[in-house]
Amino acid sequence: MAQHKLIVDCSTGVITEVELTAEELAQREADATAFAEIKAAEEAAAQAKAEAKASAEAKLAALGLTADEIAALSL
Amino acid sequence: MANTYEAIATVTVGSGGAATMAFSSIPATYTDLVLKMSLRYSASGPQDMRLTFNGNTSAVYSMRSINAAGSGTPGSASETAQTSTWLGSLQGVTASTFNNMELYIPNYTSTTTAKSISTDNVNEANQTDARSFLVAQLWNPATQAAISILSISVASGTFVQYSNATLYGIKNS
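For the protein sequence lines, the chains are C and E, in the order given.
Its first residue numbered 344, the first sequence is counted upward by one per residue in the numbering used here.
Its first residue numbered 3, the second sequence is counted upward by one per residue in the numbering used here.
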């Protein structure tokens, strides 16, 4: 399905609808890819942080801290 | 709103959606520009939004942002030497709910200085995936020019029907 661009000419107020050019489509694809990579990196970082937190809590529990004591540390 | 605001033009998306909204032939008769938008994404999102000026896609855009969502740790991001600049993201996750965004562009007619832009973007979702962004952008082309074309795009999918953008000019007198 063709992708469209709405253009308003501020000197006349006339709005035209045109298909995106090949260059614009390529730019759009590059932007989408870049955004997907950023999102994946953010999710990986959040996952790594959650796993590190769980690991730290497990080690503290193994040392004998109660769940309330671990929660009090605000990890 | 100050009485020095003047609506220049409005674009409203029709039933077919639109990947890009653009303002051309922007008059050079104001001191600043403000673009106010109500936007909704065609999928749940979030999805990236980008901005260009004068059709320029050289690697001359940069930005720095702070952002927060309804859950998780607030974050930040930055880009340099990009072919467009980031405006934050766009959502369509909650039915009939639109995102709000405003761009402020001072000194847009200068032919000697780079253009700084500030963006305030709220992805309202009425749930934990709601997001907000404050973004500072710079357009610094090799040859400085007045802004005459402004283009907002979503990286994939479309802006849905009833999404709209109004460009205002501001005079200092």
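The hints are simulated quantities; they were obtained by calculation from the structure and are not laboratory data.
The beta carbon of each residue, even a glycine, is placed where N, CA and C say it ideally should be.
Any given hint could be a false lead.
The calculated label-pair distances, taken between Cβ atoms and stated as ranges, are [claimed, not checked]: (1) 77/E - 394/C: 12 to 22 Å; (2) 388/C - 175/E: 42 to 52 Å; (3) 78/E - 359/C: 30 to 40 Å; (4) 398/C - 143/E: 41 to 51 Å; (5) 56/E - 357/C: 29 to 39 Å; (6) 113/E - 384/C: 31 to 41 Å.
To see whether the hints hold, each was checked on the structure:
1. Our hint of 12 to 22 Å for residue 77/E and residue 394/C holds, since their Cβ atoms are close to 19 Å apart.
2. Range check, residue 388/C to residue 175/E: about 49 Å between beta-carbon atoms, so the 42 to 52 Å window is met.
3. Residue 78/E and residue 359/C have their C-beta atoms about 38 Å apart, which keeps the hinted 30 to 40 Å range intact.
4. With their beta carbons about 49 Å apart, residue 398/C and residue 143/E fall inside the hinted range of 41 to 51 Å.
5. A beta carbon spacing of about 19 Å between residue 56/E and residue 357/C contradicts the range 29 to 39 Å that was offered as a hint.
6. Distance hint for residue 113/E and residue 384/C: a CB-CB separation of about 39 Å, consistent with the stated range 31 to 41 Å.
Hint 5 alone, counting from the list given before, is not met by this structure.
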